[in-house]
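Just so you know, the sequences run in chain order Y and X.
Heads up, the first sequence is in my numbering, so the first residue is 148 and it goes up one at a time.
Heads up, the second sequence is in my numbering, so the first residue is 148 and it goes up one at a time.
Chain copies aren't distinguished; within one or between two, either way the pair holds.
Below, computed lysine to any residue pairings styled on SDA-like, alpha-carbon distance capped at 25 Å: (1) K242 <-> G293; (2) K291 <-> G322; (3) K291 <-> L190; (4) K242 <-> A195; (5) K209 <-> T225; (6) K161 <-> L190; (7) K242 <-> K328; (8) K221 <-> T282; (9) K161 <-> Y308; (10) K317 <-> Q198; (11) K286 <-> Q249.
To be clear, the hints were calculated from the coordinates, so they are not data collected in a lab.
Listed here are the chains, written in short residue letters.
There are 2 protein chains.
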Amino acid sequence: MVKEVRNLMNEVVKNILERRSWRSYEDRQISDQELDTILQCGLWAPSAMNQQSWHFTVVQNKERIAELTKGCQKMMDTDRDPFYGAPTLVVVTAKADCIAPQQDGSLAIENMMLAASSLGIGSCWINCLARFLTTEDGKAFAEKVGIPAGYVGVSCLILGYPQGERPEPKERAQGTVNFVK
Amino acid sequence: MVKEVRNLMNEVVKNILERRSWRSYEDRQISDQELDTILQCGLWAPSAMNQQSWHFTVVQNKERIAELTKGCQKMMDTDRDPFYGAPTLVVVTAKADCIAPQQDGSLAIENMMLAASSLGIGSCWINCLARFLTTEDGKAFAEKVGIPAGYVGVSCLILGYPQGERPEPKERAQGTVNFVK
Numbered sequence: 148m149v150k151e152v153r154n155l156m157n158e159v160v161k162n163i164l165e166r167r168s169w170r171s172y173e174d175r176q177i178s179d180q181e182l183d184t185i186l187q188c189g190l191w192a193p194s195a196m197n198q199q200s201w202h203f204t205v206v207q208n209k210e211r212i213a214e215l216t217k218g219c220q221k222m223m224d225t226d227r228d229p230f231y232g233a234p235t236l237v238v239v240t241a242k243a244d245c246i247a248p249q250q251d252g253s254l255a256i257e258n259m260m261l262a263a264s265s266l267g268i269g270s271c272w273i274n275c276l277a278r279f280l281t282t283e284d285g286k287a288f289a290e291k292v293g294i295p296a297g298y299v300g301v302s303c304l305i306l307g308y309p310q311g312e313r314p315e316p317k318e319r320a321q322g323t324v325n326f327v328k
Numbered sequence: 148m149v150k151e152v153r154n155l156m157n158e159v160v161k162n163i164l165e166r167r168s169w170r171s172y173e174d175r176q177i178s179d180q181e182l183d184t185i186l187q188c189g190l191w192a193p194s195a196m197n198q199q200s201w202h203f204t205v206v207q208n209k210e211r212i213a214e215l216t217k218g219c220q221k222m223m224d225t226d227r228d229p230f231y232g233a234p235t236l237v238v239v240t241a242k243a244d245c246i247a248p249q250q251d252g253s254l255a256i257e258n259m260m261l262a263a264s265s266l267g268i269g270s271c272w273i274n275c276l277a278r279f280l281t282t283e284d285g286k287a288f289a290e291k292v293g294i295p296a297g298y299v300g301v302s303c304l305i306l307g308y309p310q311g312e313r314p315e316p317k318e319r320a321q322g323t324v325n326f327v328k
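Let the hints inform the model, and build the full structure from the sequences given.
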């Protein structure tokens, strides 16, 4: 098993270990500067053969968020808010015919989650949006907001000032690291 | 377009923006403590529904690395070293029947790359290994080193002390962020 991290703690490692997925947000919007910093960090992720296959669609307009909410709720037959009231959505898509679109997009999202956490901003990976974009409603939405043709959904990153109690860390699965002799 | 990041720089953002993919390494091995810190950071990535579908196989044994090198070279019909002489390989696989194995594994790898960078350790995502694991040679290797059945290759992360000149940042693609009105 992996030993406890004791002596090599630094701001980067600490931020990785302390990042949590937030599912409750304040109403007020994050600042443009915070958003730009987070997006920049996403754009500086590595990507397969440097293809940078990602595309980010930033949605802060409440009407557009409501449309996405309604679309995902209809798809999943639920009235739960899939975006947990977050004021900013970053819909991450990636060019389907690149080498590793899902992986490129995921690396960008992790950078954004970590940058957000370092700025005191909560985030969560919302998986249902990738599936929504494969539905007729989702395709219509994609066209309306200018998601380029030939791009597939990776995920939706929600961002906002976190609200309520800090989530406890979830236990780590066991047996996930094997040291080859 | 995304504006320049000026005022919100912190250690985490700086580390994200300054991480580079390294393709030249010193011979000497990284320390166990550095390795453990990096692996821990991988294990603390988020994952779809907290399934933590990843599995890391750490390979430092030179004979095993030589076997993997030979296997990948044969597959790609080349004599180029796919692992750039790195002394540590972390083969990341993920449980195929989970919600998002490729995405979970990618998030873990990005955490490890960023943690490595913060510790002065170079890293690079080596894509060919995922494909190698689908070949007969790859399957035999997976069984030999104990990669669990039912797991798919995500990628191979190489780690080591970087050597030579720090790679210049690659230009970012344009038109990758759209702010919805």
